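A.B. asks: Here the protein sequences come in this chain order: A and B. Our numbering applies: residue 1 is where the first sequence begins, and numbers increase by one. Our numbering applies: residue 1 is where the second sequence begins, and numbers increase by one.
It is possible that some hints are incorrect.
To be verified - Each computed SDA-like pair below joins lysine to any residue, with the alpha-carbon atoms no more than 20 Å apart:
| no. | chain 1 | residue 1 | chain 2 | residue 2 |
| --- | --- | --- | --- | --- |
| 1 | A | K541 | B | S48 |
| 2 | B | K505 | B | L486 |
| 3 | A | K541 | A | D331 |
| 4 | A | K544 | B | H45 |
| 5 | A | K282 | A | N205 |
| 6 | B | K535 | A | T530 |
| 7 | A | K541 | B | L526 |
| 8 | A | K541 | B | T542 |
| 9 | A | K111 | B | V404 |
| 10 | A | K535 | B | N41 |
| 11 | A | K541 | B | K544 |
| 12 | B | K544 | A | E49 |
| 13 | A | K109 | B | L526 |
| 14 | B | K541 | A | K282 |
| 15 | A | K111 | B | F539 |
| 16 | B | K505 | B | G219 |
| 17 | A | K544 | B | T44 |
| 18 | B | K535 | A | G528 |
| 19 | B | K535 | A | K111 |
| 20 | B | K541 | A | E49 |
Quick caveat, the hints were computed from the structure, so don't treat them as lab data. All values reported here derive from a predicted model rather than from experimental measurement.
Protein chains: 2
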Amino acid sequence: MAKIIRVNLNDLSIKTEPVPERYTMLGGRGLTSTIIYNEVNPTTHPLSEGNKLVFAPGVLTGTIAPSSGRLSVGAKSPLTGGIKESNVGGTAARKMANLGIKAIVVEGKAKNNKFILKISSEGFEFLPAEEIWGLGNYLTAEQLQQRFGNKVCILSIGQAGTNQMATATIAATDMEGRPCRHAGRGGLGAVMGSKGLKAIIIDDNQAKETLLDLKDKDGFNTVARDWSKSLVELRKALTAYGTAITVNVTNAIGGLPTRNFSRGNYEGADKINGTALAERIKVNGGKTGHACSPGCVIRCSNIYVEPDGAYVTSGLEYETICLLGSNCEIDDLDAIARFDYLCDDFGLDTMEIGAAIAVAMEGAVLEFGDSAKVDALIREIGNATVLGRILGQGAVVTGRVFNVERVPAVKGQSVASYDPRVFKGTGVSYATTPMGGDHSVGNLLPGRFGVDHTKAEGQVEASRLIQLCSTVQDTMGLCNFTGCDLPSMEIIAQLLSKAKGTEVKSADVMKIGQEILLKELKFNQLAGFTSMDDKLPAFFKTEKLAPTNLVFDVSDEELEKIFNFS
Amino acid sequence: MAKIIRVNLNDLSIKTEPVPERYTMLGGRGLTSTIIYNEVNPTTHPLSEGNKLVFAPGVLTGTIAPSSGRLSVGAKSPLTGGIKESNVGGTAARKMANLGIKAIVVEGKAKNNKFILKISSEGFEFLPAEEIWGLGNYLTAEQLQQRFGNKVCILSIGQAGTNQMATATIAATDMEGRPCRHAGRGGLGAVMGSKGLKAIIIDDNQAKETLLDLKDKDGFNTVARDWSKSLVELRKALTAYGTAITVNVTNAIGGLPTRNFSRGNYEGADKINGTALAERIKVNGGKTGHACSPGCVIRCSNIYVEPDGAYVTSGLEYETICLLGSNCEIDDLDAIARFDYLCDDFGLDTMEIGAAIAVAMEGAVLEFGDSAKVDALIREIGNATVLGRILGQGAVVTGRVFNVERVPAVKGQSVASYDPRVFKGTGVSYATTPMGGDHSVGNLLPGRFGVDHTKAEGQVEASRLIQLCSTVQDTMGLCNFTGCDLPSMEIIAQLLSKAKGTEVKSADVMKIGQEILLKELKFNQLAGFTSMDDKLPAFFKTEKLAPTNLVFDVSDEELEKIFNFS
Numbered sequence: 001m002a003k004i005i006r007v008n009l010n011d012l013s014i015k016t017e018p019v020p021e022r023y024t025m026l027g028g029r030g031l032t033s034t035i036i037y038n039e040v041n042p043t044t045h046p047l048s049e050g051n052k053l054v055f056a057p058g059v060l061t062g063t064i065a066p067s068s069g070r071l072s073v074g075a076k077s078p079l080t081g082g083i084k085e086s087n088v089g090g091t092a093a094r095k096m097a098n099l100g101i102k103a104i105v106v107e108g109k110a111k112n113n114k115f116i117l118k119i120s121s122e123g124f125e126f127l128p129a130e131e132i133w134g135l136g137n138y139l140t141a142e143q144l145q146q147r148f149g150n151k152v153c154i155l156s157i158g159q160a161g162t163n164q165m166a167t168a169t170i171a172a173t174d175m176e177g178r179p180c181r182h183a184g185r186g187g188l189g190a191v192m193g194s195k196g197l198k199a200i201i202i203d204d205n206q207a208k209e210t211l212l213d214l215k216d217k218d219g220f221n222t223v224a225r226d227w228s229k230s231l232v233e234l235r236k237a238l239t240a241y242g243t244a245i246t247v248n249v250t251n252a253i254g255g256l257p258t259r260n261f262s263r264g265n266y267e268g269a270d271k272i273n274g275t276a277l278a279e280r281i282k283v284n285g286g287k288t289g290h291a292c293s294p295g296c297v298i299r300c301s302n303i304y305v306e307p308d309g310a311y312v313t314s315g316l317e318y319e320t321i322c323l324l325g326s327n328c329e330i331d332d333l334d335a336i337a338r339f340d341y342l343c344d345d346f347g348l349d350t351m352e353i354g355a356a357i358a359v360a361m362e363g364a365v366l367e368f369g370d371s372a373k374v375d376a377l378i379r380e381i382g383n384a385t386v387l388g389r390i391l392g393q394g395a396v397v398t399g400r401v402f403n404v405e406r407v408p409a410v411k412g413q414s415v416a417s418y419d420p421r422v423f424k425g426t427g428v429s430y431a432t433t434p435m436g437g438d439h440s441v442g443n444l445l446p447g448r449f450g451v452d453h454t455k456a457e458g459q460v461e462a463s464r465l466i467q468l469c470s471t472v473q474d475t476m477g478l479c480n481f482t483g484c485d486l487p488s489m490e491i492i493a494q495l496l497s498k499a500k501g502t503e504v505k506s507a508d509v510m511k512i513g514q515e516i517l518l519k520e521l522k523f524n525q526l527a528g529f530t531s532m533d534d535k536l537p538a539f540f541k542t543e544k545l546a547p548t549n550l551v552f553d554v555s556d557e558e559l560e561k562i563f564n565f566s
Numbered sequence: 001m002a003k004i005i006r007v008n009l010n011d012l013s014i015k016t017e018p019v020p021e022r023y024t025m026l027g028g029r030g031l032t033s034t035i036i037y038n039e040v041n042p043t044t045h046p047l048s049e050g051n052k053l054v055f056a057p058g059v060l061t062g063t064i065a066p067s068s069g070r071l072s073v074g075a076k077s078p079l080t081g082g083i084k085e086s087n088v089g090g091t092a093a094r095k096m097a098n099l100g101i102k103a104i105v106v107e108g109k110a111k112n113n114k115f116i117l118k119i120s121s122e123g124f125e126f127l128p129a130e131e132i133w134g135l136g137n138y139l140t141a142e143q144l145q146q147r148f149g150n151k152v153c154i155l156s157i158g159q160a161g162t163n164q165m166a167t168a169t170i171a172a173t174d175m176e177g178r179p180c181r182h183a184g185r186g187g188l189g190a191v192m193g194s195k196g197l198k199a200i201i202i203d204d205n206q207a208k209e210t211l212l213d214l215k216d217k218d219g220f221n222t223v224a225r226d227w228s229k230s231l232v233e234l235r236k237a238l239t240a241y242g243t244a245i246t247v248n249v250t251n252a253i254g255g256l257p258t259r260n261f262s263r264g265n266y267e268g269a270d271k272i273n274g275t276a277l278a279e280r281i282k283v284n285g286g287k288t289g290h291a292c293s294p295g296c297v298i299r300c301s302n303i304y305v306e307p308d309g310a311y312v313t314s315g316l317e318y319e320t321i322c323l324l325g326s327n328c329e330i331d332d333l334d335a336i337a338r339f340d341y342l343c344d345d346f347g348l349d350t351m352e353i354g355a356a357i358a359v360a361m362e363g364a365v366l367e368f369g370d371s372a373k374v375d376a377l378i379r380e381i382g383n384a385t386v387l388g389r390i391l392g393q394g395a396v397v398t399g400r401v402f403n404v405e406r407v408p409a410v411k412g413q414s415v416a417s418y419d420p421r422v423f424k425g426t427g428v429s430y431a432t433t434p435m436g437g438d439h440s441v442g443n444l445l446p447g448r449f450g451v452d453h454t455k456a457e458g459q460v461e462a463s464r465l466i467q468l469c470s471t472v473q474d475t476m477g478l479c480n481f482t483g484c485d486l487p488s489m490e491i492i493a494q495l496l497s498k499a500k501g502t503e504v505k506s507a508d509v510m511k512i513g514q515e516i517l518l519k520e521l522k523f524n525q526l527a528g529f530t531s532m533d534d535k536l537p538a539f540f541k542t543e544k545l546a547p548t549n550l551v552f553d554v555s556d557e558e559l560e561k562i563f564n565f566s
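Let's have the full structure, built from the sequences with the hints guiding it.
C.D. replies: This is how it looks when you write it as structure tokens:
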């Protein structure tokens, strides 16, 4: 029987609850956002005991649906002050599904002591965490694996999380047991740290439960297998080069963030693009085509090693490469890979940190291109020096302290590696999503939905559609690369039809997405957000971006209409 | 002929404009807020060239109306992000009135060079400021007085202003030529710094203009003299002990901010109260009963000296004594006087800095009561070290960086030295004024308007009334101590009647206040403020304040109704 585990750090209670009927078709973001919406006061301080931290595998997690192993983490965000979902690969979601756990809801706040939560088919318990509280994610994982075996999955926070920084992530171990997959955005690691929870150990040894009952299992599996096969074909380039393949695209069309979003192309782009990355990995003996979670058919991850084969980091991705690379005018992949390792170990969002460092560069704290100083600065953040604490609170606070006007952030969160002046649809998503300056909620690459990415026309409609699709995918536990579009919604409807034994239409699926989005928007409204918060920073609208000389010109009036669904 | 001087740092143009008819009954806050409302885009970045900085003497400045020499400074605030007026004593307002200058409007932003603006009856000119750009206010004033004579008034910014910190003030020299009077709140010094303007020299030698035409001069002067006489009687205690006399009141009723607003009384209160201050000044040979501006009949200022008679600071006031004293658990008046000097010299708001330091103390950056560290920390702010830059952005940024939840601020600005759990009407003013957590807009001491200060009942009505009265006073150029109440509105109406030669009723006067408040509220609304911003921090509502165990319990619904004038 699927269940919800509710743990409270105030009194160390652990309760198992049946899944309410109304939650059965929810999972992932749909479930985390619904629980936060239902149970957290929108004006609660994000680091107070009133906030809750929710972990939920997707509706399809545990089935053979392709790349359906993502885990959603939700809370009120200390970075944005709004509702937040951030999802992550690794093995956690699958193991939770194997244990029949629909969600873990973490409540309250430990008074003095620090804790680990251990979850297995034998039960649930708190263990003391004092000895590992100050460790980075890599040592944390290593020590817990030594104690509990290397087959457990570990969700943990590094020093950024224990120091409650608003850029702190929650790490999930991958199939090799490394804590290199991160629920990166929105500072959810700080929420975990505020509660006094260092790690969750998920042991699915002997566990054989499922979350989704399959009425027509064969039918379901046939649809899932066909989808997998087509995705393997469609995503070959991602498998070969990883997400870094996008560097060439964004650079060519002039939307690659360079020098704190002051240019759209970068002279060092060839040194950090997908080809360069794959080549470097091949020469040094690393791995491309690496799956970040069980059942992934796209395998866009990689393992980056030194020339002697020693491990550097895993899952060196496009966003990290650009925000800590081109945006800081650094073209040294080895250096960027080390930054990635450091951020993963301290538990820092590489995107927000990259954006904050570039803002600090513009504020003359360090020079653009100085990779030795960036390395030192990331260590300062991890070690919570005074300077480190500033950047550890993200790009907006960094801009406030160093008086930098050009801060590329929405609702307190930095935008991603697609300049919104060129990727106008993605700009609409940054501006309007309840998640803050986020691309994963609705990234509109050239040609999506037949809209010209450089024109204002049609972007609001395109963003609305992709935001709905992506909300559905995040609810299903599916990776965005399975396709944020109507055909993928159709396949999801087929899968749900086979699972339930009654017809589910793609319109029904879209309706789920809409209901979730509306709850998230309502939460933010009650937290104090207005349409004034649904805007890009002024410089995107006034400063022409070289070399295209485009500005973001989707009107405020259009942005305000995006979620008028009726 | 009264005129408006419009200077633009973009092209160094200086224009003289006649006063538009609709501005004739406006001055001070009424005029600064109207000009900002009419001319500044509410979404402009406060430190960008689109912001304007307006200086305006009051409607009554230059007449013999008592204590009518206050200068209003207005802009969009870098601290609150909303409209701001901060007013100051000293000789500037009177000298501007003598020159017939209704307002100075500073626009644009110097590209590379830095400037001084010199104003006299002979004309207006920009002078280079490079040599004094990095100096504190005291050396700035000294050097400019050596050059331009010691009778000029100097408005200047210290290092906090040139570094564009959101706690930066604008200093005005007093009758002794010392830059010890400050337009303290809202970071207006940063706006001046952002424009590349270091100082304004006002030379009224030979000037004999007036701002307000007196149709019935004798009648006006009779009313003014009677008012002066009654104020001399009524404010004897303020004259004798200064504003520090309030320490005993707030401490006795349990509303004196102590240890970052965690207690309402302070064991060291006897060492920092009005008696202690007057005694210390008397023993050392300083001065009480000192007037901060020409024509002041209340004379609540003082000159604080060392035992050898050497000058320490002037105008050591209640807010400074409490926010840098009891709120930091420091009971050493000499130390607080030195903090005051340092803040005045660097050009820092003693209130915001006191609040920020106490927040840093709660965040374990330094210990409560450590006055040597406070001294060092203020110097770090002035010298713009990394740590100094954090505190230099105010209490909210300090709380963000050091993860302190208990930040006593509204709309980004720290509240004053009246705990709103005990002074509930003042709490309503903090929450609802368009100015941020400000007391000067509507401070409700015990017994005001017959309302029990500890009860929720009647506070919203009392705050509305006093906010209207205080808007009027700030518009007239009157010190708040002339009485923020209906009788003083009646006297103002009489004065305006005599001046205009037609009957002005106190209802007309109140109407002026209402119109100004509504413009300020509208500006903030267009800047993105909502009723969610009209609230006190949660801890004031949930944490009982010892020793009274009161919480702030005026409901949100009541707060929202405060400015429904119709």
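A.B. asks: If a hint holds in the structure, say so; if it doesn't, say that too.
C.D. replies: Each hint tested on the structure:
1. A/K541 <-> B/S48: Holds, at about 15 Å.
2. B/K505 <-> B/L486: holds, 11 Å
3. A/K541 <-> A/D331: Violated: A/K541 and A/D331 sit about 28 Å apart, past 20 Å.
4. A/K544 <-> B/H45: holds, 18 Å
5. A/K282 <-> A/N205: Not OK: A/K282 and A/N205 at ~35 Å, beyond 20 Å, violated.
6. B/K535 <-> A/T530: holds, 16 Å
7. A/K541 <-> B/L526: holds, 18 Å
8. A/K541 <-> B/T542: Distance ~42 Å between A/K541 and B/T542 Cα, so the pair is violated.
9. A/K111 <-> B/V404: holds, 16 Å
10. A/K535 <-> B/N41: Given pair A/K535, B/N41 holds - Cα atoms ~16 Å apart, limit 20 Å.
11. A/K541 <-> B/K544: violated, 47 Å
12. B/K544 <-> A/E49: OK: B/K544 and A/E49 at ~18 Å, within 20 Å.
13. A/K109 <-> B/L526: The hint is violated at about 38 Å.
14. B/K541 <-> A/K282: At roughly 60 Å apart (the allowed maximum being 20 Å), A/K282 and B/K541 break the hint.
15. A/K111 <-> B/F539: Roughly 18 Å separates the two Cα atoms, so the pair holds.
16. B/K505 <-> B/G219: Judged against 20 Å, a Cα distance of about 16 Å means the pair holds.
17. A/K544 <-> B/T44: Between A/K544 and B/T44 the Cα gap is close to 18 Å, so the pair holds against 20 Å.
18. B/K535 <-> A/G528: holds, 11 Å
19. B/K535 <-> A/K111: Status violated; Cα separation ~28 Å.
20. B/K541 <-> A/E49: holds, 16 Å
When held up to the earlier numbered hints, the structure conflicts with 3, 5, 8, 11, 13, 14, 19 and fits the remainder.
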